[in-house]
Every structure is written in C-alpha cells, then in structure tokens.
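As you go down the protein sequences, you meet chains Y and E in turn.
Heads up: the first sequence runs through residues 1 to 97, numbered per our numbering.
Heads up: the second sequence runs through residues 1001 to 1259, numbered per our numbering.
These are calculated hints, taken from the structure and not from any lab test.
Among the hints, a few may not be true.
Claimed, not checked - For the chain E half of the interface with chain Y, some residues (derived, Cβ under 10 Å), not all of them:
| id | residue |
| --- | --- |
| 1 | ALA1015 |
| 2 | LEU1221 |
| 3 | GLY1222 |
Model, not experiment: these values are computed from the prediction.
Each residue gets a CB set at the ideal place from its N, CA and C atoms; glycine is no exception.
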Amino acid sequence: MTRTVQRTPALALAAVFALSAGAAMARDDMKPAKTEMEKCYGVAKAGQNDCKAGAGTSCAGTSKVDYQADAWKKVAKGTCVTIKTPNGTGSLTPPKA
Amino acid sequence: MTPVGELGTFQDAFAAALAERTAAPIAGWLPEGETDPAGLAVYRNTIAKGCIDALAANFPTVASLVGDDWFGAAAALFARGNPPKSAALLAYGAGFPDWLARFPPADDLPYLPAMARMDGMWTTALFAPEGRPLAAEAFALEPQALAAARPRLHPSLAFAWFDSGLPGLWLAAREPQPGEMELAEDPQGVLIVRPHEAVTARLLDRAGHAFLAAAETDATLGEAITAAAEADPAADLPALFAALIADGVFVGLDPGDPA
Chain Y
1 MTRTVQRTPA
11 LALAAVFALS
21 AGAAMARDDM
31 KPAKTEMEKC
41 YGVAKAGQND
51 CKAGAGTSCA
61 GTSKVDYQAD
71 AWKKVAKGTC
81 VTIKTPNGTG
91 SLTPPKA
Chain E
1001 MTPVGELGTF
1011 QDAFAAALAE
1021 RTAAPIAGWL
1031 PEGETDPAGL
1041 AVYRNTIAKG
1051 CIDALAANFP
1061 TVASLVGDDW
1071 FGAAAALFAR
1081 GNPPKSAALL
1091 AYGAGFPDWL
1101 ARFPPADDLP
1111 YLPAMARMDG
1121 MWTTALFAPE
1131 GRPLAAEAFA
1141 LEPQALAAAR
1151 PRLHPSLAFA
1161 WFDSGLPGLW
1171 LAAREPQPGE
1181 MELAEDPQGV
1191 LIVRPHEAVT
1201 ARLLDRAGHA
1211 FLAAAETDAT
1221 LGEAITAAAE
1231 ADPAADLPAL
1241 FAALIADGVF
1251 VGLDPGDPA
C-alpha cells in the first residue's frame, strides 16, 4: 500500500499530462482523416458477418439436406492451411493417432 | 372453427414431434394408417438449416477455420441441444463458444472457442444501440478538468484480454486471404466497437485494456490512464488515449470534481 501512496502524486501528474497530450494528438490526427473515413462506413466486406439481412433469414428449400451427417469426425478443413501455434505448426491437421 | 385451445395443443404437439424426432406426439391428428409422415423431415431440416445458417452468419471466423462441412455438422449438433429461444436469430448462439470448448472433436483446435467468443463480441457490437462518438475537440479541456472527468463508453464497445495471441489470430483469420497464420504466445487484448455504421476491431495492449477496464467501472480519465501506466510503465500514454478517441470509444464526458 505504501508503494501506491508514494507513486500516486507523480503518476497523477503524468496522467494529467498524458491525457492532454493525447487529446491534442487526437485533434491533429482526426481532422484530415475524417472525410475519407466517413466514405468507407457502410461498405461491408464479403464473407464476414456484416453483410447480411440478419442471421436465420434464409429460407432455401432443404428437404434433401442431411444435417445429421457426422462430418465433425473428419478433419476440420477451412480456408486456412496452417496455423503456427506455440506447440508447433498445423493444428488444423491433428496428429495421426 | 377451431378453438384456440385446440390449435395451441396441436402446435405444441407438432413442435414436440419435430424436436423429439418422432411422430408420436401428433399421432392423434394423423390419418389412419399414417405413422411417420415424410413431410416432418422437411420441417426438421428447414429448422436445422435456419439454425446452421444463423450460426455460420454469427460465427464466420469459426466457419472459415473449420470449413463448411465440419461447421455445419457441429452447428447441427449444437442446434439440436440448444434450440433458439427467440424467433429472431440475430443473436443466436450465445452458448456456442462454451459448447465448442466442451466439444471433443474440437480438442485439436484449442483456439476455436476463443475465435467463437470474439465472433460473438463482433455480432453483439453490430446490433448494439447507436452511439455518437465524441469528437476530439470535446477533450480540449483544462488538464485537471480532463483528468477529473468520467468518460461514458460507447454502447457497442466490447473488449477482452486473452493470455495468448488469440486476438491476433482472430483478426488474421478474418482477412480475405488469411494464408498462414500464427498463434503468438504473448498475451493480447481485443477491442471491438461500432462507432458509426461499421464494426471495427483491433488489437489492444495491456495498458489499453487496463484503461478500458478502469473506465468501465466508472473511473475518471485520470484514474483510467493511471491504471494504464501501472499495467505497463513503458506504455505511450498520449498515443493510447489519442487512439481510443479516434476509435470512437467515448460518447460522453461527465465533468468531475477537479480537487
């Protein structure tokens, strides 16, 4: 606790300075960028979850589709080929048992 | 004329016949000799497809990482055990991240639940109430007054801290052409907010996370920036604050007592 008490005045001063400096920095940064940024709003990237009428709005004919297939028993195979993890590469291809 | 009570009874029985995968609950309404009408499968599959499509829309990063087949099969299992509680599926799948964490076939993909969690944060931000971010000029106050002010955070703001590089992996996986990705060992945070029409997401460092965590609990700006400095003494505090202003994280500033 002593540590906190001792550090507080210096930190508080630094904090006040940092906030004012940051606010000034934001004023400088935001002015030129603003117009251009606003143009981009509303443009959705395909394939991500912002380009939809809303989840669950699909009503495609489905009577022949078998959703009970046990495809999760297979190796997951997505758009990415490899992910390097701290334990090595290729988590999407689990080691053969 | 069908009494409402009878219609309601039939609807409940019909829903049970779909959920329990047997025609037994509606046996009393079936024509003689009919025990398992094939048409029930159409209803079941349509419901399943609605749920799976909703989950794929709400968890696109998970779907892209595991592929459509795996995702569809896992989502179908989830949907069977966790049917939607609301007719609107916009937010369907709140329990999906935790479910994935307990789903044995996902054991080889330890990062998957976190991907789902961040997808969920993204979707929540998308449908969060509107908020008008403060312009940078709103922070042009006397230094002491600025430090004493309490910020109001954007209603769509979500942030989280992870003990590895999961946010970086999530952001990389959402690129149009992700290619090779890396899960870094260093802890990282993520910031998701919808300041205007589009959701934005970026990495958050330890100091930035400490700032927002403090601000969320009604701290003053001075207390929040102090928390950031304590979390990472080497942090560039002015840049941190400027970036959060530019992100549109703040929607209001309540004057505090500068004493």
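Going down the list of hints, with the structure as the test:
no.	hint	in the structure
1	ALA1015	17 Å, violated
2	LEU1221	5 Å, holds
3	GLY1222	5 Å, holds
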